[in-house]
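Put the two chains together into one complex, using the hints given.
Residue-level listing of the chains:
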Amino acid sequence: METSQNSYWVIVLLMVVAVAFALGPLALAWAWARFFSPNKPGKDKNAVYECGLESKGDAWVSFRSEYYLYAIIFLVFDVETIFLLPFAVSFGGPVGLSVGAFLAMMIFLLLLVEGLVWAWGKGVLNWK
Amino acid sequence: MIDEGLRSELQKQGVYTTTLEELYNWGRANSVWPLTFGLACCAIEMIAASMSRYDIARFGAEVFRPSPRQADLMIVAGTVTKKMAPLVVRLYNQMPEPKYVIAMGACAISGGPFKQGYNVLKGIDRYLPVDVAIPGCPPRPEALIHAIMTLQEKILKQKLTGPDRPRHLNADVPGEYPVPAYGEQDLEPSSNRDVWQPPVIKR
Chain A
0 METSQNSYWV
10 IVLLMVVAVA
20 FALGPLALAW
30 AWARFFSPNK
40 PGKDKNAVYE
50 CGLESKGDAW
60 VSFRSEYYLY
70 AIIFLVFDVE
80 TIFLLPFAVS
90 FGGPVGLSVG
100 AFLAMMIFLL
110 LLVEGLVWAW
120 GKGVLNWK
Chain B
0 MIDEGLRSEL
10 QKQGVYTTTL
20 EELYNWGRAN
30 SVWPLTFGLA
40 CCAIEMIAAS
50 MSRYDIARFG
60 AEVFRPSPRQ
70 ADLMIVAGTV
80 TKKMAPLVVR
90 LYNQMPEPKY
100 VIAMGACAIS
110 GGPFKQGYNV
120 LKGIDRYLPV
130 DVAIPGCPPR
140 PEALIHAIMT
150 LQEKILKQKL
160 TGPDRPRHLN
170 ADVPGEYPVP
180 AYGEQDLEPS
190 SNRDVWQPPV
200 IKR
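Protein sequence lines correspond, in order, to chains A and B. Residues in the first sequence are numbered consecutively from 0, following numbering that gives the first Met the number 0. Residues in the second sequence are numbered consecutively from 0, following numbering that gives the first Met the number 0.
Just chain B, with the same shape it has in the complex (with noise of 0.2 Å):
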């Protein structure tokens, strides 16, 4: 690994120095493409999102995939209720790796303003390992497009090799995440224990 001071050195003098990691990385977080996946009203916000006024295509992440073969990018745009919850799920094992979520929106996050619906899931991170979290209700195409700067941004630290690398990359995580199926009363299981604890309430 080269001398940060060197680097900067190099840099000045017009000589640019790059590793293999760095290019790949450069190379994926610069064209995200997105699951066309929208679930509630925080879609309508996508979808202008990729308009021309706010133009996602300016961060290689306008080519909205209509198959989850093709897309790497799963923006979770609303309310998911229990019933579209294992569907969510679903989709999310047959997107190919590396694969990345944005909970878009206050319902995804947490379930929002429906929190206490009887039907509605209570944060899609009870299921899915969420990257990036945009609130808001619903959240402003900026907001979105921030929300796809900051995956870049984890795009581009994320090392391919030791023991911290991504899950794509480890032979031995599992690929895919445990569907809930519809139960009596909630989803079974009612959130995957491995990507989500519920918090510790202390008296």
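Next up, chain A with everything else stripped away, as it sits in the complex (with noise of 0.2 Å):
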């Protein structure tokens, strides 16, 4: 009785719809694949793909980490930029920005700044 009346089963039977309608598809297509077209791999079919050229080496290459630590860096500076234009809209007045606005950004910028000296005093900056 407890169970029957449970408005939660119009959920679980929309799980299992919304996963048949998504595996439906897929198994028909595997179906049709497994039994009606013959498999054809190839030297060519089976090679990586790169505009048609042979490629040359391992398609399966590490990045390296140098390149994630440039794009935080530029980061902090990208986001920085973005500051600056609103900030100086925001509180300049009449006769320009005012001395207090402008040392509050700069000792922002100096923040970011430090980052970056330490992040050169780290070595992040030389390419190994």
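Hints were generated in silico from the structure; no laboratory data involved. Note that the structure is predicted; figures quoted are calculated from it, not measured. Even for Gly, the Cβ is constructed at its ideal location relative to N, Cα and C. Take the hints with a grain of salt, since some may be wrong.
Here are the simulated distance ranges between beta carbons [said to hold, decoys possible]:
| id | chain 1 | residue 1 | chain 2 | residue 2 | range |
| --- | --- | --- | --- | --- | --- |
| 1 | A | I10 | B | G135 | 40 to 48 Å |
| 2 | B | R6 | A | V11 | 38 to 46 Å |
| 3 | A | N45 | B | I43 | 28 to 36 Å |
| 4 | B | G116 | A | W59 | 22 to 30 Å |
| 5 | A | L111 | B | G116 | 41 to 49 Å |
Here's what the structure looks like:
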């Protein structure tokens, strides 16, 4: 009695239908490939796609972690540039930026530059 | 197989009959996905055909795939130089079956105005089985659409069983075409004799 009236069964049913809806076409495609279409692998067909050229070396290369560090350091100053303009527009009065606002922004900049100097000191900018 | 007359009579009464073969062919004829693959100026016309003015999407062929793994139509759009020919054949080999080739424009058919050039392949039909050839230099987008309609008719007529079934359903036929290599003077071999025989000149 209690379970038959549980309204959450509708959700379960919906989930089952959704999964079947997704897997059904895949299963049909698999069945068609398995029972009707002969599988024809070949040297070219199994080769790495490189715009028709023959690939040289292995396609599974690992990227250097320096790219990641460079991207992080770049991102800091990228975001900073985005901050600078709205800051200048919203704090800039008819006579220009006030000294206090300018100093506040410079402190913000200084903090970021400090980060760069620290990373520089760590040797992140040296491409090994 | 249902009698054509009976089928026509049934159709008048609103009863439509079909076969699995027809249904399958109807499905794939209306979802021909071309390979994003332009070689020369004909490619501009191909791009125009896929844009809103000509809108190739009406024929289910707007999904230009950037990978041969997902494409089933190769539109050879433009001059095939001898340097590019092995790449074209390799891309064709990398496409899954069933696959079709449209040779678009005079260059892809025969070399076109560059036929006498030492570096131009005199027609992609020397290496690949071309299904539809479109003349023109370049052919207008309408001509490409006509070629796709012609290809659709061809797909709809294909029998899936029997001795003349398409090659992708025949396990004995190899799935790849030999890729020519760069030779000293010309591509080696200079043509695939299984798909193209040089015309016999009678004097």
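Going through the hints against the structure:
| no. | hint | verdict |
| --- | --- | --- |
| 1 | A:I10 x B:G135: 40 to 48 Å | violated (58 Å) |
| 2 | B:R6 x A:V11: 38 to 46 Å | holds (45 Å) |
| 3 | A:N45 x B:I43: 28 to 36 Å | holds (33 Å) |
| 4 | B:G116 x A:W59: 22 to 30 Å | violated (40 Å) |
| 5 | A:L111 x B:G116: 41 to 49 Å | violated (59 Å) |
The structure is inconsistent with the numbered hints 1, 4, 5, although it conforms to all the rest.
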